[in-house]
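Chains A and B are the protein sequences, given in the same order. So this note's numbering is basically just the index in the first sequence, starting at one, shifted up by 94. So this note's numbering is basically just the index in the second sequence, starting at one, shifted up by 79.
Keep in mind that the hints were calculated from the coordinates and are not lab data. Note that the structure is predicted; figures quoted are calculated from it, not measured. Don't take each hint at face value.
[As the list claims (entries may be wrong)] Distance condition first, Cα-Cα at most 20 Å in a straight line; then the derived PhoX-like pairs of lysine-lysine:
no.	chain 1	residue 1	chain 2	residue 2
1	B	LYS167	B	LYS139
2	B	LYS139	B	LYS166
3	B	LYS166	B	LYS144
4	B	LYS167	B	LYS144
5	A	LYS160	B	LYS166
6	A	LYS160	B	LYS113
7	B	LYS167	A	LYS161
8	A	LYS166	B	LYS113
9	A	LYS177	B	LYS139
10	B	LYS167	A	LYS137
11	B	LYS139	A	LYS161
[As the list claims (entries may be wrong)] Listing some non-contacts, in silico: residues in chain A with all C-beta distances to chain B over 10 Å:
no.	residue
12	LYS137
13	SER192
14	LEU260
15	VAL265
Heads up, the beta-carbon is just placed ideally off N, CA and C, and yes, glycines get one too.
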Amino acid sequence: MPDWNELVREHLGVSEPSSAEHVEVIAELSGHLEDLYAELRRKGLGEPEAVKQALGDRANWRGLAKKIRRAKSKEEILNHRTKTLWWPGLVSLTASMSWLMILQRVGPQPRMPWLHSGLPLMPYLVWLGTQPLLGATSAYMSRRAGGDRLTELTSTVFPSIVMLGLWCLVVAISILVEKNPHVLPQWPLVLFGAFVWAIFPGLLLLLGRLLSLRTHSWAKS
Amino acid sequence: MVKRVRANIARGSTELAILALLAEQPLYGFEISKRIEQRTEGVLRFELGSLYPMLYDLEKRDLIKGRWQPNSTGRDRRYYALTPAGKKELAPLRREWRSFFQALDRLAGVSHA
Chain A
95 MPDWNELVRE
105 HLGVSEPSSA
115 EHVEVIAELS
125 GHLEDLYAEL
135 RRKGLGEPEA
145 VKQALGDRAN
155 WRGLAKKIRR
165 AKSKEEILNH
175 RTKTLWWPGL
185 VSLTASMSWL
195 MILQRVGPQP
205 RMPWLHSGLP
215 LMPYLVWLGT
225 QPLLGATSAY
235 MSRRAGGDRL
245 TELTSTVFPS
255 IVMLGLWCLV
265 VAISILVEKN
275 PHVLPQWPLV
285 LFGAFVWAIF
295 PGLLLLLGRL
305 LSLRTHSWAK
315 S
Chain B
80 MVKRVRANIA
90 RGSTELAILA
100 LLAEQPLYGF
110 EISKRIEQRT
120 EGVLRFELGS
130 LYPMLYDLEK
140 RDLIKGRWQP
150 NSTGRDRRYY
160 ALTPAGKKEL
170 APLRREWRSF
180 FQALDRLAGV
190 SHA
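Same shape as in the complex, but just chain A:
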C-alpha cells in the first residue's frame, strides 16, 4: 500500500505542512485517494496501475493546489463582508453625519432657543426626512453586493447602531467617570435622547429599506 500522505504532499508541492489546516487537507485528500485506490484494486487493477489512475496527471495537481489555496483563503470572506456590510454602512453613516453637520451650520439657527428646549428642530426634522433615502441606499448597496437579509438590515441601521453606541458611551462616561449627579435622576431625558438620535432615525432607515424593496419588486414585476 503506497504512502498516500507522502504522495499527496509531493504532488501538491508541500514539503512540510505549515499549519494544522494544511495537515487536514493532506489527510483528507490522502483518504480520498486511499478509498479510490481500494476501489480500483477491487475492480481488478494491478497496484502500479491503480496508483497511477488514483493520482491522475500532474497538471491537475498543480491546478488543485491553486484552487484549494483560493478556496481556503479568508480574504474573500473579508472582501464579501466589507462589500455587503462595512462599505454600505459607512457610506450611510458618513453621509448622515455630514448632512447633519451641514444642516446645523447653514440651517436656520433658533433665535429663542429656550422655546425649543435646546433642540434645533428644523435641521433635525430635515435630517430625519432624509433618513429613508440613506436607508434605501445602504440596503441597495448591500443587496447588490450579495448580502443576505441580516447583513442588509444591519448595514441599513448601521448609523443608528453607531449613534446608540456613542450615546451609551457618553452616558456611561458621565455617570462613571465624570460622576455627573444629574444624569441618573434625568433618565427619561437620557432615554428620550437615545430615541431621538438613534431609535427613531433607525426606524426611518428601515422604512427606506422597505420602500427600496417595494420599488425593486414593482420594477421587476
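Chain A is already provided as a structure; the job is to place chain B on it using the hints.
Chain B only, in chain A's frame:
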C-alpha cells in the same frame, strides 16, 4: 463570455449537487463523488480537482461543516453536513435551477431532446 457562463453553470450545478446530497445525510468527500456518479448514472463525475475546492469553498461560506469521524471501516474521514445556513440556501437554489431548466425547456425543448 460563453466560457464564463459555462463555468458559472458548472459551479452552480456542483454546488446544488453537493448541498442536495448532504441534505439527506452527512457524507465524506469520496462518498459524495461516488453518490453523484451513481445517482446520475455517470453523467456527472466529480474528481479530486473539482470536488474538494468546492467543499472548502462551501465550508468557508458556512453552508457546510466538516468533522472528522471514523467511517464504516474504522478509518478517519472528514464528514460534511449541512449547516442551518446551508439548509436555508438549498431551497432557493433548487427553485432557481428548476426555473432555469423550465426556461431552457421553453426555449430549446431540452427536456424532450
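Hint check:
1. LYS167(B) to LYS139(B): 16 Å, holds
2. LYS139(B) to LYS166(B): 15 Å, holds
3. LYS166(B) to LYS144(B): 12 Å, holds
4. LYS167(B) to LYS144(B): 14 Å, holds
5. LYS160(A) to LYS166(B): 29 Å, violated
6. LYS160(A) to LYS113(B): 24 Å, violated
7. LYS167(B) to LYS161(A): Between LYS167(B) and LYS161(A) the Cα gap is close to 26 Å, so the pair fails against 20 Å, i.e. violated.
8. LYS166(A) to LYS113(B): Given that 20 Å is the threshold and the Cα spacing comes to 24 Å, the pair is violated.
9. LYS177(A) to LYS139(B): Cα-Cα ~17 Å, so holds.
10. LYS167(B) to LYS137(A): 40 Å, violated
11. LYS139(B) to LYS161(A): 13 Å, holds
12. LYS137: 13 Å, holds
13. SER192: 35 Å, holds
14. LEU260: 31 Å, holds
15. VAL265: 36 Å, holds
When each numbered hint is compared with the structure, violations occur for hints 5, 6, 7, 8, 10.
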